[in-house]
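Q: Chains as they are written, first to last, in numbering that gives the first Met the number 0: chain A, 0 to 232; chain B, 0 to 299; chain C, 0 to 246.
Derived from the structure by calculation, the hints contain no laboratory data.
We treat Cβ as the ideally placed atom computed from N, Cα and C, and that holds for glycine.
Watch out, some of these pointers could steer you wrong.
[Unchecked claim] Some chain C residues flagged as far from chain A (calculated, every beta-carbon gap over 12 Å): (1) 51; (2) 63; (3) 91; (4) 106; (5) 161; (6) 177; (7) 180; (8) 225; (9) 227.
[What the hints assert, rightly or not] Partial list, computed: chain C residues near chain A (C-beta under 7 Å): (10) 27; (11) 56; (12) 113; (13) 124; (14) 125; (15) 153; (16) 209.
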Amino acid sequence: MHIIFGFMPIIIVVALVIIAVFIGLKVGRSKKTRGNKSLYLLVGYGFLLVLSTILYYLLPVAAEDPTQKIDVTQIPNLSMEAYEGKLANVDEKYITQKWTFPFEGNQLNIEEYWGNGDVIDVYYGTRKNTNEIEVLLYETPLIIGESFDASEIRIAPKVSLEDDRLLIQHPDAGNIQLSQFKNEFPFRQFLKGSKGDLFYSADLDWDSDYYGDRVIYIRVPARVQLESNVDEQ
Amino acid sequence: MNIVQCNAVSKSYGNVAALDEVTFSIKQDTITGIIGRNGAGKTTLLKLIAGYWKHSKGDIHVFSENPFNSLTVSANMIYIDDQMTFPDAMPLHSILTEAARFYPNWDAKLAKRLFDYFSFHPNQFHDHLSKGKKSTFNTIIGLASRCALTIFDEPTTGMDEAVRNDFYRALLRDYIVAPRTILISSHHLNEIEHLLEDVLLIDRGRVKLHLSIDALQQYAIGVTGNQAVLSQWANDQEILFSKDDGENSLFLVVRNNVSKEKMDQLLGLGIKPTSISPAELCLYMTQLKKGGIDDVFRDA
Amino acid sequence: MSFATPKLIDIVKKQFLFKWKGYRPFFTNLVILQAIAIIFSLGGIGSSSHGREGVNVSESIYSADFVLAFTMLWAFIVAILLTSKAYREADFVFITNRFTAQLANVAFLFTISVIGAITAILSRNLLWMITYFSSDNITFVKEAALHPSEYVMGGIATILYVFLFSAVGYLLGSIVQMNKMFAFILPVVFIALLILFGMQEQYLLLWLHEFYYQEDSFIWWFVKTGFTATAFFIASFYLLNRQEVSK
Numbered sequence: 000m001h002i003i004f005g006f007m008p009i010i011i012v013v014a015l016v017i018i019a020v021f022i023g024l025k026v027g028r029s030k031k032t033r034g035n036k037s038l039y040l041l042v043g044y045g046f047l048l049v050l051s052t053i054l055y056y057l058l059p060v061a062a063e064d065p066t067q068k069i070d071v072t073q074i075p076n077l078s079m080e081a082y083e084g085k086l087a088n089v090d091e092k093y094i095t096q097k098w099t100f101p102f103e104g105n106q107l108n109i110e111e112y113w114g115n116g117d118v119i120d121v122y123y124g125t126r127k128n129t130n131e132i133e134v135l136l137y138e139t140p141l142i143i144g145e146s147f148d149a150s151e152i153r154i155a156p157k158v159s160l161e162d163d164r165l166l167i168q169h170p171d172a173g174n175i176q177l178s179q180f181k182n183e184f185p186f187r188q189f190l191k192g193s194k195g196d197l198f199y200s201a202d203l204d205w206d207s208d209y210y211g212d213r214v215i216y217i218r219v220p221a222r223v224q225l226e227s228n229v230d231e232q
Numbered sequence: 000m001n002i003v004q005c006n007a008v009s010k011s012y013g014n015v016a017a018l019d020e021v022t023f024s025i026k027q028d029t030i031t032g033i034i035g036r037n038g039a040g041k042t043t044l045l046k047l048i049a050g051y052w053k054h055s056k057g058d059i060h061v062f063s064e065n066p067f068n069s070l071t072v073s074a075n076m077i078y079i080d081d082q083m084t085f086p087d088a089m090p091l092h093s094i095l096t097e098a099a100r101f102y103p104n105w106d107a108k109l110a111k112r113l114f115d116y117f118s119f120h121p122n123q124f125h126d127h128l129s130k131g132k133k134s135t136f137n138t139i140i141g142l143a144s145r146c147a148l149t150i151f152d153e154p155t156t157g158m159d160e161a162v163r164n165d166f167y168r169a170l171l172r173d174y175i176v177a178p179r180t181i182l183i184s185s186h187h188l189n190e191i192e193h194l195l196e197d198v199l200l201i202d203r204g205r206v207k208l209h210l211s212i213d214a215l216q217q218y219a220i221g222v223t224g225n226q227a228v229l230s231q232w233a234n235d236q237e238i239l240f241s242k243d244d245g246e247n248s249l250f251l252v253v254r255n256n257v258s259k260e261k262m263d264q265l266l267g268l269g270i271k272p273t274s275i276s277p278a279e280l281c282l283y284m285t286q287l288k289k290g291g292i293d294d295v296f297r298d299a
Numbered sequence: 000m001s002f003a004t005p006k007l008i009d010i011v012k013k014q015f016l017f018k019w020k021g022y023r024p025f026f027t028n029l030v031i032l033q034a035i036a037i038i039f040s041l042g043g044i045g046s047s048s049h050g051r052e053g054v055n056v057s058e059s060i061y062s063a064d065f066v067l068a069f070t071m072l073w074a075f076i077v078a079i080l081l082t083s084k085a086y087r088e089a090d091f092v093f094i095t096n097r098f099t100a101q102l103a104n105v106a107f108l109f110t111i112s113v114i115g116a117i118t119a120i121l122s123r124n125l126l127w128m129i130t131y132f133s134s135d136n137i138t139f140v141k142e143a144a145l146h147p148s149e150y151v152m153g154g155i156a157t158i159l160y161v162f163l164f165s166a167v168g169y170l171l172g173s174i175v176q177m178n179k180m181f182a183f184i185l186p187v188v189f190i191a192l193l194i195l196f197g198m199q200e201q202y203l204l205l206w207l208h209e210f211y212y213q214e215d216s217f218i219w220w221f222v223k224t225g226f227t228a229t230a231f232f233i234a235s236f237y238l239l240n241r242q243e244v245s246k
């Protein structure tokens, strides 16, 4: 009997549709929708459909242009570079924010506070001949899927210096709501390669399709002793 | 030229025969009344002629074709009754427009005049009309379509008397302008008698009579007299109807082919024959029992 | 003396126009049904959400699949109605025979299939427009644009799927007209088949899905579907051509 239960949702939907159709028929037979009125309704509806179609193509609303794939092989892997201590070699265009603080002391306490999102990895380095602390935020573009650059959604961390405490407030996660409009199933049926199933499943499989990361790089004068509220990396 | 030709046509539902070996023909450009009591088979016959129903046995030819599924018959024939169904969404004026598109001989002027005369509103819907108004509207289509074969099945159902008379008059006048073959069924002949050229009398699925109105008028005579004497006189006559009036009195309807000699005999008996009108004749010839309804109440 | 026989095709044309004018309320039903389906679809046919790399992404997938499904059922029911007594009687008010009436029915069903399919396809854009104007922070992701040939194939396929459903409805309606008992027997048989096939692990619906939807070759699919629809209509013609118009 399991098969019947398997079809239950479809049967319920079909029953609903049939009820809806008969309500529709009742309305169709009523005096108000007779004669030319039903034609006007169809024409009005058609007009709305054409209008929405025109707008769909006119308004620049699509974030992703699937014809413009972003080549991610040219983008450095920040975590890797940082881990290998080669951050200084990374192209400066990936430094998206920079904070500098004059600092005379010998002891710097770094205090990190977590927001409601991922923690950005923090790396340390030293500088010679200076009395400034430099905090660099390295970011590579956040690519979702193959061609959607969602970098702007990310929120920057907050960095400040109070006496001998360097405060790093990790940001909340940026929110983005994506809507994708799929072709109807008869269109999907004859698509080369990427044929969808009749009943479309929700998973876009983008979990593995994120590219891009960010690190914070703190450089202090060589004499300064670092103390952190987070375990040393 | 026979427009309709039926040879031993039967139509049965299971064991019940609605029509039983009916044979007759209808000439071109005549108005024939199909007369019969309720359930006599008038509608069955007309629907067979129209090609709506399929006959069970025999041969039926309309315009020399079997009417069932014949496009020729459909194109030259229109069937009007009070059951006509039109698409719900069509107001009366578009029904007329559609009819005009279908029928090449459609007389739009006539349709418009009748439409106005009977004070219809163009935007009314057919199923909102009263029974009588529906019938009236349908007859407008029947008249204006000017089909070579026009069938009216009880066309006046629900009409009031004034409208009925108007319709009959319209039918007659239009027939004079555009002669065609018209079949009109009714159970009261006297109302349409003046229209008809021929009468086809049907009773219990069989053709009782098929005569012109003139012939019908002369067809039979009525005689009333003493039961014993009259029975004696009539035993070699064709008795169409007899009724026991009680108190030894007998009423007979006999075929009007009484010989001179027999007639003199009758007059000698002091019995004066009365004429029988076609309507009366039809009524008498389709009585279920010779004694009529009184028999039901008579003690055995 | 002979009486003119009108050309078959002329009568079919007239009958078709007669239906086209008379049965407009069907389009009211269509618009209402598609509106209901669009409301159902506003929630999307699928959604998921996950977070990584400093962003929470929630994604919804929209499509007019529902609208199309409703449209197919609409065509199915319209076809059944066309075979019903009242509609067949209306055919016979004016010039026709059973054959021309049926040809006009097929032409009418094909026309409404085209209208139904095109409105269903376009309704996706209406769905998009409603989503677009009713929320401010939605990012729309465009699907890869279809190749023109894919558009044509998809469009034809949509029309033919709707038409196929109308053919099924027409056949079922014709069978029921033969004997009203079939109105009860057919659904019972259908459910019995589902159960029977289900017990043998041969799901009827899966087989249909396999046979029609899993066909990747457009030509083959077209042959299969077109053949099915034609066969259903021919069977209906055969059944209805002997039916009396009983009033």
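Q: Evaluate each hint against the coordinates.
A: Hint check results:
{"no.": "1", "hint": "51", "result": "5 Å, violated"}
{"no.": "2", "hint": "63", "result": "5 Å, violated"}
{"no.": "3", "hint": "91", "result": "21 Å, holds"}
{"no.": "4", "hint": "106", "result": "18 Å, holds"}
{"no.": "5", "hint": "161", "result": "9 Å, violated"}
{"no.": "6", "hint": "177", "result": "22 Å, holds"}
{"no.": "7", "hint": "180", "result": "20 Å, holds"}
{"no.": "8", "hint": "225", "result": "14 Å, holds"}
{"no.": "9", "hint": "227", "result": "15 Å, holds"}
{"no.": "10", "hint": "27", "result": "4 Å, holds"}
{"no.": "11", "hint": "56", "result": "5 Å, holds"}
{"no.": "12", "hint": "113", "result": "13 Å, violated"}
{"no.": "13", "hint": "124", "result": "4 Å, holds"}
{"no.": "14", "hint": "125", "result": "4 Å, holds"}
{"no.": "15", "hint": "153", "result": "3 Å, holds"}
{"no.": "16", "hint": "209", "result": "10 Å, violated"}
Violated hints for the displayed structure, listed by number in ascending order: 1, 2, 5, 12 and 16.
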